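A.B. asks: Make the full structure from the sequences, and use the hints.
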Amino acid sequence: MADVCDRCDSCCSIIITSLGSQPCAILGIRGRQRPFSRLSGRGRGANFVGAFRDNSPFLWSWAGSTLSMLGSRTIGVTYPLLAFGLAQSPTSIAWVMFASTVPGLLWYIPAGVWIDRIGPRRVMVWSEFLRGALVMGIVVAQIAGVLELRWLLIVALLEGTLSVHSSVAETVLIPSTVKPDKVENALALHEASVHGMVLAGRPLGGLLYGVNPIVSFITNAAMLFGAAASLSRVPRDITGRGKPLGEIFGEMRGGLTELQRNRFLLSATLITAYINFMVQGMIVVFLSEATDDNLPSALAGTILAASGVGGVIGAITSLRRGRTDRRFRHRPVMLVHLWACTIALAIPLLFLQASWSFAVALLIIGLAGGLSNVTMRTVLSQAPLDRVARVAAVSRLGSYSAVALGPLLAGLLVGRVESWVALVILCVPMGGLALAMTAVPGLRSALVSVPRLEATMRETETALRHAEAAVRTAEVALGRAEVVVRWMDDSPYGAEGAESHVTDPHVTDPHAAGPNGAGPNGASSFVAASHVGGHVAGPHVGGSQISASQAVAT
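Count along the sequence shown from 1, then add 834; that gives the number in my numbering.
Everything labelled a hint here was simulated from the structure, so no lab data went into it.
Small disclaimer: the values here were computed from a predicted structure and weren't measured.
In this text, a Cβ means the ideal position worked out from N, Cα and C, and glycines have one as well.
Be careful, since some hints might not be right.
Claimed, not checked - The following label-pair restraints were derived from C-beta to C-beta distances:
# : residue 1 : residue 2 : range
1 : Leu1243   : Arg1278   : 23 to 31 Å
2 : Ser923    : Val1045   : 17 to 25 Å
3 : Asp1220   : Ser1279   : 22 to 30 Å
C.D. replies: Now the structure itself:
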């Protein structure tokens, strides 16, 4: 799907098992495994593992973010199970899920302001530590036998708020730990690992809770504390931001203003929200059909997991952009994503709502979403450093709102019409939007992202080389001017006499030049060094000689 939110129930994937480095040991990954060694694409030189193996800031931030996501997914399962165990009521499940998800609708924008003020690394470290402390509070209350539903709701609300901070902060932190030309690969790896933790976290949470509720929450706390420990290893100077920028409400508007200035980000955010809204509706239709057909819950879960598998494939494909760019070079990624989702929504309609058709549709949606996520996050990373978190927060809020509201409105729709009619209502507007974005030049151009980061970096490097050459030329000129000044100071004529001596090429001084052009003090004489046709070989402007004062000015 287009954007992976921390609490989104429709995003799934498989675990990435790669990158040999010390942080990988936290995740149980062996250091010499290199399954991504060929994913750097043709013509990029070093392989993908070599690009990040020695980059400890990225590896520590990647490990911490992955552990944080795994903890979020497992606790998203254990919260409802514990609530039902405390109250023995389905209503308690709804309340605890609401408490853990509502901060996403209310706190993304303030979280972006806070992160821009003090830096994403510090925010993530403290957020993960406090989340772990809250979860350990549940463990202590369980052991003491004093845990009540109201306390669980309060913890879920606070922990969900802290999770929003981590979600926005990691969007800023990951790109800041790598070189600009490696941002896209780093985000692709992170995107794949996020999808992997989404898929692994849910069954792991259920398994741990089945062993013992206390064990499950202790494990959750260990994951969050491990994330805080990993993130604390990221050097502080990478993400420093400085003092507060101004009034809080003015800063909150700054993220939206910056997003409006970037046509691609604004268009991509709106389209992402629209796609998420429609896809959530399709999932509601599938669940309704699965209930009517008495589809086994295991099979239904496997079908929903297809979107996660597609997300991993899409993220890994982003690592092979050297090959895929030749196919999609003139096709905007977001436009491809829009058409892919339109086709995916039509598949269940064409095949009479067969269960396998929903799996194929979700696989296509996940694959297109994995590609577009990497593109959007790469462009987001190029936002101004003092506003990047606020821009990311606004973008994520749009996607998250669609994920939260989509099932609600789709449920009302499915309750009034048949499932195939609901699919038509979802598919036709999506197709109309895809046609409009393709046919109208102004709309199509809005989906073309900024020039590729590699091309931008090459232009920047060329400009830097020209600047370095100019600096070297200026240093040479300054050195010559310093020689003139020293000669003037050492000249027996004094400064005024030396100037007239340099200006008149026929004036010579037997004392000014010693053996081999050395002055009275052994210093090299700039004026008496050589004569060409009776003229002094010195600084020239347009073929004519200049005075010593003019040479210094030059």
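A.B. asks: Hints first: check each against the structure and report whether it holds.
C.D. replies: Taking the hints in turn, this is what the structure says about them:
no. : hint                          : result
1   : Leu1243 - Arg1278: 23 to 31 Å : 29 Å, holds
2   : Ser923 - Val1045: 17 to 25 Å  : 24 Å, holds
3   : Asp1220 - Ser1279: 22 to 30 Å : 28 Å, holds
Violated hints for the displayed structure: none, as all numbered hints are satisfied.
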